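Each protein sequence line maps, in turn, to chains C and A.
Each residue of the first sequence is one higher than the one before, starting from 1 at the first, in full-length UniProt numbering.
Each residue of the second sequence is one higher than the one before, starting from 1 at the first, in full-length UniProt numbering.
Hints listed in this document are in silico derivations from the structure and should not be mistaken for laboratory results.
Since the model is a prediction, treat every value here as computed from it, not as a measurement.
Among the clues, some could well be false.
Using C-beta positions, here's what the derived DEER-type ranges look like [stated by the list, open to error]: (1) G147/C / D31/A: 34 to 40 Å; (2) F108/C / N83/A: 53 to 59 Å; (3) A40/A / Q72/C: 52 to 58 Å; (4) T132/A / P5/C: 42 to 48 Å; (5) A40/A / L4/C: 48 to 54 Å; (6) K46/A / P5/C: 28 to 34 Å; (7) Q72/C / N83/A: 31 to 37 Å; (8) D166/A / D47/C: 53 to 59 Å; (9) D25/C / A40/A: 57 to 63 Å; (10) G283/A / D47/C: 25 to 31 Å; (11) P209/A / D77/C: 42 to 48 Å.
Even for Gly, the Cβ is constructed at its ideal location relative to N, Cα and C.
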Amino acid sequence: MLPLPDADTLLAALIDQMAPHVTEDTALVGIYTGGAWMAERLHEALDIRHPLGTIDVSFYRDDYGAKGLHPQLRRSDIPFDMEDRPVILVDDVLFTGRTTRAALNELFDYGRPARVDLAVLVDRGERQLPICPRFCAHTLAAPLGSGQRLQLKKADDGSLSLRLIDV
Amino acid sequence: MFNPQLNAHGELQHLLSLDGLPREILTAILDTAAPFTEVAEREIKKLPILRGKSIFNLFFENSTRTRTTFEIAAKRLSADVINLNVATSSTNKGETLLDTVDNLCAMQADMFVVRHASSGAPYLIAEHLRATDRHDIHVINAGDGRHAHPTQGLLDMYTIRHYKQDFTKLVVAIVGDVLHSRVARSQIAALTTLGVPEVRVIGPKTLMPTGLDKLGVRVFHDMREGLRDVDVVMMLRLQNERMNGPLLPSGQEFFKVWGLTPDKLALARPDAIVMHPGPMNRGVEIDSTVADGAQAVILPQVTFGIAVRMAVMSMLGRG
Chain C
1 MLPLPDADTL
11 LAALIDQMAP
21 HVTEDTALVG
31 IYTGGAWMAE
41 RLHEALDIRH
51 PLGTIDVSFY
61 RDDYGAKGLH
71 PQLRRSDIPF
81 DMEDRPVILV
91 DDVLFTGRTT
101 RAALNELFDY
111 GRPARVDLAV
121 LVDRGERQLP
131 ICPRFCAHTL
141 AAPLGSGQRL
151 QLKKADDGSL
161 SLRLIDV
Chain A
1 MFNPQLNAHG
11 ELQHLLSLDG
21 LPREILTAIL
31 DTAAPFTEVA
41 EREIKKLPIL
51 RGKSIFNLFF
61 ENSTRTRTTF
71 EIAAKRLSAD
81 VINLNVATSS
91 TNKGETLLDT
101 VDNLCAMQAD
111 MFVVRHASSG
121 APYLIAEHLR
131 ATDRHDIHVI
141 NAGDGRHAHP
151 TQGLLDMYTI
161 RHYKQDFTKL
171 VVAIVGDVLH
181 SRVARSQIAA
191 LTTLGVPEVR
201 VIGPKTLMPT
211 GLDKLGVRVF
221 HDMREGLRDV
231 DVVMMLRLQN
241 ERMNGPLLPS
251 GQEFFKVWGL
261 TPDKLALARP
271 DAIVMHPGPM
281 NRGVEIDSTV
291 ADGAQAVILP
301 QVTFGIAVRM
311 AVMSMLGRG
């Protein structure tokens, strides 16, 4: 197994990719938890005018029945008007695409955005839905397999790093 | 010991009473309710969690308000809600409670919300479902006789936690007609389980059940004494139908001694909150100045009640 890329380096690359496409109107929405941490950084670095949105997509997941609700549910918070707004959805790792599908459903319950783009730190492939990120800092060369979960971790000092966890 | 409210994995199977539910379950319900409060602020106030599920409101006793809050909660979770006003339907034609339930099960019911004048009716239904191996059908008690009203107790706990955060430092007073109150029983069970160190019960001797001290509460028959330095005042509704009977004088007379007025509330802590399960009788158990005052959290209770009922339904309906 190759060493995982450095999260800060990837974030910097993602900011470079996104910067030319961010306008006065653009709003960011981070998906709990990794995406929300990332979105905080991006929001500041890209100087986004609208306050940052965050969503917990647990209620919208298609495997809700099987998994149930995990106890650490967060309140979704969309502090701007969704109507006619260009939105960039932020997640740490793109895998099957089911989280993105759930997030899209949730976003549309707040109004009709002008467009929605997807920004991710890592694309690990193995998609099960027709979803493709517009901004992506790193693509894994080979599949990890379903037994491993790749996710962003936040240390006590606020620094971000990628971790691989056996599930 | 067999607990009819939990399944083999220790998860919530039915919500029948707060008495006998472990603290972890109570806390999990309150934690689950928190994010649901935000749904009311959205343009589309709906989550897809119970899409395709059928929830039957079985109200053998009238209660427009409770039925409505359950209906709103279920609809916000995208369930199909069927209201049966059983007080005016087939039971009047002689059908038994369990026959009614069997008929609705044959219509693919997923959940029953039951209000009944007889204590224990929801237990009877839950036991019938268990005995007939229908483990995927759930029962929520929406008030049975004098016994329990668990979702009211839960929304009260949610309200207290919202305003006071920590249960383990609080003095909580329950005031009024405890004898006839299923709400009071649910409140006492939940407060005790969640670790409230001092629960006081305040009311006239004629409206107090015997054996209250066994529930671990302090009983007061002097309202001023009982309200001193409390953090939370939970008023109970005085049921009009009990008025002028052998247990009680008139409404005005009750108000004089047991009504919550600004001068009595002044004995509680200055940041004490005032709660009431509704519907309120202004000028009987509570003064209008208090009911509309800055310390009253009676309308937030109603709003939290929807989120709490959504939490219970989502936990039961995930199968």
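*So does Q72/C sit 31 to 37 Å from N83/A, Cβ to Cβ?*
35 Å Cβ-Cβ, so the 31 to 37 Å window holds.
*Does the Cβ pair P209/A, D77/C satisfy 42 to 48 Å?*
45 Å, holds
*Determine whether the Cβ-Cβ distance between K46/A and P5/C falls within the hinted range of 28 to 34 Å.*
Between K46/A and P5/C, where Cβ atoms are some 40 Å apart, the hint is violated.
_25 to 31 Å as the expected CB spacing between D47/C and G283/A, which holds or is violated_ = 58 Å, violated
*Taking the beta carbons of D166/A and D47/C, is their distance inside 53 to 59 Å?*
Violated, since D166/A and D47/C (Cβ atoms, about 40 Å apart) do not stay within the stated range.
_Tell me if the beta carbons of G147/C and D31/A are separated by a distance inside 34 to 40 Å._
29 Å, violated
*asked:* Range first: 52 to 58 Å. Now tell me if the beta carbons of A40/A and Q72/C are that far apart.
replied: 22 Å, violated
*Does 53 to 59 Å hold as the CB distance between F108/C and N83/A, or does it fail?*
30 Å, violated
*Determine whether the Cβ-Cβ distance between D25/C and A40/A falls within the hinted range of 57 to 63 Å.*
27 Å, violated
*Can the suggested window of 48 to 54 Å be confirmed for the beta-carbon pair A40/A and L4/C?*
41 Å, violated
*Using the beta carbons of T132/A and P5/C, state whether their distance is inside 42 to 48 Å or not.*
The hinted range 42 to 48 Å is violated for T132/A and P5/C, with Cβ atoms some 57 Å apart.
Going through the hint list in order, the structure does not satisfy hints 1, 2, 3, 4, 5, 6, 8, 9, 10.
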